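Given only the sequences and the hints, what does the whole structure look like? Please build it.
One line per chain: the protein sequences are A and B, in this order.
For the first sequence, this note's numbering gives the first residue as 3, with consecutive numbering after it.
For the second sequence, this note's numbering gives the first residue as -17, with consecutive numbering after it.
If you are wondering where the hints come from, they were derived from the structure by calculation, not from laboratory data.
Bear in mind the structure is a predicted one, so any value in this text is a computation, not a measurement.
Just so it is clear, CB atoms sit at the ideal spot from N, CA and C, and this is done for glycine as well.
One should not assume that every hint holds.
Only pairs whose alpha carbons sit at most 35 angstroms apart, straight line, appear in this in silico DSBU-like list of lysine-lysine [stated by the list, open to error]:
{"no.": "1", "chain 1": "A", "residue 1": "K252", "chain 2": "A", "residue 2": "K203"}
{"no.": "2", "chain 1": "A", "residue 1": "K333", "chain 2": "A", "residue 2": "K252"}
{"no.": "3", "chain 1": "B", "residue 1": "K15", "chain 2": "A", "residue 2": "K250"}
{"no.": "4", "chain 1": "B", "residue 1": "K15", "chain 2": "A", "residue 2": "K203"}
{"no.": "5", "chain 1": "A", "residue 1": "K279", "chain 2": "A", "residue 2": "K250"}
{"no.": "6", "chain 1": "B", "residue 1": "K4", "chain 2": "B", "residue 2": "K15"}
{"no.": "7", "chain 1": "A", "residue 1": "K203", "chain 2": "A", "residue 2": "K250"}
{"no.": "8", "chain 1": "B", "residue 1": "K4", "chain 2": "A", "residue 2": "K203"}
One-sided and incomplete, this derived list gives chain A residues near chain B with beta-carbon spacing under 8 angstroms [stated by the list, open to error]:
{"no.": "9", "residue": "A58"}
{"no.": "10", "residue": "L108"}
{"no.": "11", "residue": "V157"}
{"no.": "12", "residue": "R163"}
{"no.": "13", "residue": "F165"}
{"no.": "14", "residue": "N167"}
{"no.": "15", "residue": "Q190"}
Label pairs and their calculated CB-CB ranges [as the list claims (entries may be wrong)]:
{"no.": "16", "chain 1": "A", "residue 1": "E310", "chain 2": "B", "residue 2": "D220", "range": "37 to 47 angstroms"}
{"no.": "17", "chain 1": "A", "residue 1": "E208", "chain 2": "B", "residue 2": "Q334", "range": "28 to 38 angstroms"}
{"no.": "18", "chain 1": "A", "residue 1": "R201", "chain 2": "B", "residue 2": "D220", "range": "38 to 48 angstroms"}
{"no.": "19", "chain 1": "B", "residue 1": "V185", "chain 2": "A", "residue 2": "L128", "range": "20 to 30 angstroms"}
{"no.": "20", "chain 1": "B", "residue 1": "V330", "chain 2": "A", "residue 2": "F115", "range": "25 to 35 angstroms"}
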Amino acid sequence: MSDSPVTPVLRTVGLTKQFGGLIAVRDVDFEVPEGSISSLIGPNGAGKTTLFNVIAGLFDPTSGYIEFMGRRVVARPERSWLEPVLWMTGPAVLGASAYGAAVAGLSALVVEFLLFAALIVLIGVLILASVRPTWYVDGLVRLGVFKSARPNDMVAAGIGRTFQNIRLFANMTATENVLVGMHDQLRQNPLDAVLQTRRQKREESEARREAARWLRYVSLRGHDDDLARNLPYGDQRRLEIARALASKPKLLLLDEPTAGMNPSETEAMMQLFARIKSELGLTILLIEHDMRVVMGISDRVTVLDHGEKIAEGAPAEVRADTRVIEAYLGKGAI
Amino acid sequence: MRRLWRSVLFLGRDSRLRAWLKPWTDSLNTFSKGHQSLSVVLGMAVVTTVLPFIILFPPFAGFATQGDWVQGFASAGIFVLLALGLNVVVGLAGLLDLGYAAFFAIGAYSYAYGASPFAGTHFPFWPLLLVGAMVAALFGILLGAPTLRLRGDYLAIVTLGFGEIVPVVFRNADTYTNGTNGISGMYRPALPVTGTFLGLNPVPYYITVAVLVALAMVFLYRIQDSRLGRAWMAVREDELAAASMGINTVTTKLLAFAIGASTAGLAGVFYASKVTIISPDSFGFTVSFTILAMVVLGGMGNVWGVAAGAFVVYEIQSELLKQMNGFVEHLNLPPINLGVTTIDLAKVDFLQYQFLLYGLALVGMMLLRPEGLFPNRRRRAELHDVDDAEAANQELVEA
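Below is the structure:
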């Protein structure tokens, strides 16, 4: 394990993800120190993107857990059987009393009312379980029921991400894409929108100004009203980063941010990452294949192969590691 | 020839026409951007006042009397409301709902329980509008919740099932709904000054529905440009990316179902109060399908477009086709003798061909103008990339 003096923003403990018979990520312990740029590298199919998706809340880990800012955020669901049992208690009690009322010979109206109430309560609980408001989740945690996080929970916790194959909202403008990224920052509700309250108007105009700032930050000035699909490839990558930054994350996950770029574009991207780190104080974790990027800007490199962590450390150390060379070039290369 | 076709079909895109209209459209656009709600209300007011007089002129005057036309407009307003609501679910959130008429039925039956001799109640119409909308919204959430994990085709099939279940329940729960006969004798709305609306005078209904449509449009425009509207679009574009940007896709989709359904509930209450008799047969799949066709033909995702599309489709299907028989008889066309059979246009019942014409219109539309009659900028860009590039080239050549 690392003995870095800085506290880790992100720590995975014994993280394993299995798809049927395939173990994509096997027992990975790794950490991302605060304020660093860390890279995750490895040959194709090594499990890098799977690890990313587990961290971002897209997949539940098969075992192990993730700690973010010292708090456990993703885990295998624990004691989740308790939740449906809890759902059933209300309707079951009401249903049983309906039966009791029928046996006791109370009027049909009372029995029907109790049955109806049982149905309404059941439906209400089902809605609650799918909407999962914070107080509901907190209550469950207090009862020892641990549910895995969903992607939006991870964004709320402070993790922003981009995708390996760009996933912008293609038919929305650049500004709108960034505004969607700010979703969690905005406090307006639909009623505010319908009534156009002062709060709503102020928030909207501030949000639009901030979206314009983010677009300028990634050098997309003047493209505010362009549809995302009409932007050139490199700009789409930048827009994805702006969208992720707009959610004010503490940790930014970048999945192959320079894939398909020419050397000068890659150079500009690296400068952007350095600026994000120094000016915004973000921690960055990136998956990258371009070794110039990895060796050029990373403080720390983690190497995965066949789902397992095979090396970790400063770029120079990793480059000299025999297991890494072996993983990339084969046994004969050593 | 091709150019002619294009100038007819893409009237708004003809560059010379556009250049000529530019000063007017520009100032109109800036105004409507700055004062969106005001321009919607003004637009609706203008349309509402002008419509009853347009139809006094030929060729419309030959079809029906002014009273019949206005009666038709009031009914068309119901479908405009329905199309606006479905546009939220299908056009904005991208959830294909084939059972939308269920919420229309729920709104109508809410009014039946609130103000009919059958239920023995007589609550005033206006609060029942809200109640109907809320009941429908509740059912929107109930029916939406089980479908949250479904997408595309699967979602369409499940909603189709719901759309069938609701009328079947109303048909078979005889004790509560009077079965196939439906509920009749609903009380008509009343206002303090004008008193109870009369069945013979369509004007109060016409004005009421115009106000409801204007309100719905203002609300929908405002929601569309808010956090929720953007979340809907994001979910439509890419659900996974939307979730990864912090959007709770569950609540977002449920809100789309609820708001779409509440508009249908509003339309249902108004419908029940207007026709005063409802039966489960008025809310079948054909209604759901008609509304969907209106949304698609009008231009998915565009509030004005959808409203106009619904209005045009309704007028064609229920007014023009109805009057077509009389109109063709007037023309005194000689029967065409084909030896085997004789085609006598005067004896054709055009109303029977309603769905054939629908089908043809839809096919033609998808081939020539897939974005709908009045698309929004976004969808036009999505479906007409090549054309725009061509047009740009054309302009370069001309310049």
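Status of the hints after comparison with the structure:
1. Taking the CA atoms of K252(A) and K203(A), the gap is near 28 angstroms; set against the 35 angstroms cutoff, the hint holds.
2. Between K333(A) and K252(A) the alpha-carbon distance is near 39 angstroms, which puts this suggested pair outside the 35 angstroms criterion.
3. Taking the CA atoms of K15(B) and K250(A), the gap is about 30 angstroms. The hint holds against a cut of 35 angstroms.
4. Our distance criterion of 35 angstroms between C-alpha atoms is met by K15(B) and K203(A), whose separation comes to about 14 angstroms.
5. For the suggested pair K279(A) and K250(A), the alpha carbons sit about 13 angstroms apart, so the restraint of at most 35 angstroms is met.
6. Of the supplied pair hints, the one linking K4(B) and K15(B) holds, its CA atoms being roughly 16 angstroms apart against a limit of 35 angstroms.
7. Of the supplied pair hints, the one linking K203(A) and K250(A) holds, its CA atoms being roughly 21 angstroms apart against a limit of 35 angstroms.
8. Straight-line distance between C-alpha atoms of K4(B) and K203(A) comes to about 30 angstroms, which keeps the hinted pair within the 35 angstroms bound.
9. Among the interface hints, the one on A58(A) holds; its C-beta lies about 6 angstroms from the nearest C-beta in chain B, closer than the 8 angstroms criterion.
10. Restraint check, L108(A) versus chain B: the minimum CB separation of about 20 angstroms is more than 8 angstroms; hint violated.
11. Taken as an interface hint, V157(A) checks out: its beta carbon lies about 3 angstroms from the nearest beta carbon of chain B, inside 8 angstroms.
12. At about 6 angstroms, the closest approach between the beta carbon of R163(A) and any beta carbon in chain B falls short of 8 angstroms, and the interface hint on this residue holds.
13. For F165(A), the interface hint holds, since its Cβ comes within 8 angstroms of a Cβ in chain B; the closest pair sits about 7 angstroms apart.
14. Interface hint status for N167(A): violated, as the beta-carbon distance to the closest one in chain B is roughly 11 angstroms, over 8 angstroms.
15. Evaluation of the Q190(A) hint against chain B yields a held restraint, the C-beta minimum of about 5 angstroms falling below 8 angstroms.
16. Checked against the given bound of 37 to 47 angstroms, the beta carbons of E310(A) and D220(B), roughly 32 angstroms apart, lie outside it.
17. About 58 angstroms separates the C-beta atoms of E208(A) and Q334(B), a value inconsistent with the hinted range of 28 to 38 angstroms.
18. Between R201(A) and D220(B) the C-beta distance comes to about 29 angstroms, which lies outside the given range of 38 to 48 angstroms.
19. For V185(B) and L128(A), the Cβ-Cβ distance of about 46 angstroms falls outside the hinted range of 20 to 30 angstroms, so the restraint is violated.
20. In this structure the supplied range 25 to 35 angstroms is violated for V330(B) paired with F115(A), their Cβ-Cβ distance being about 57 angstroms.
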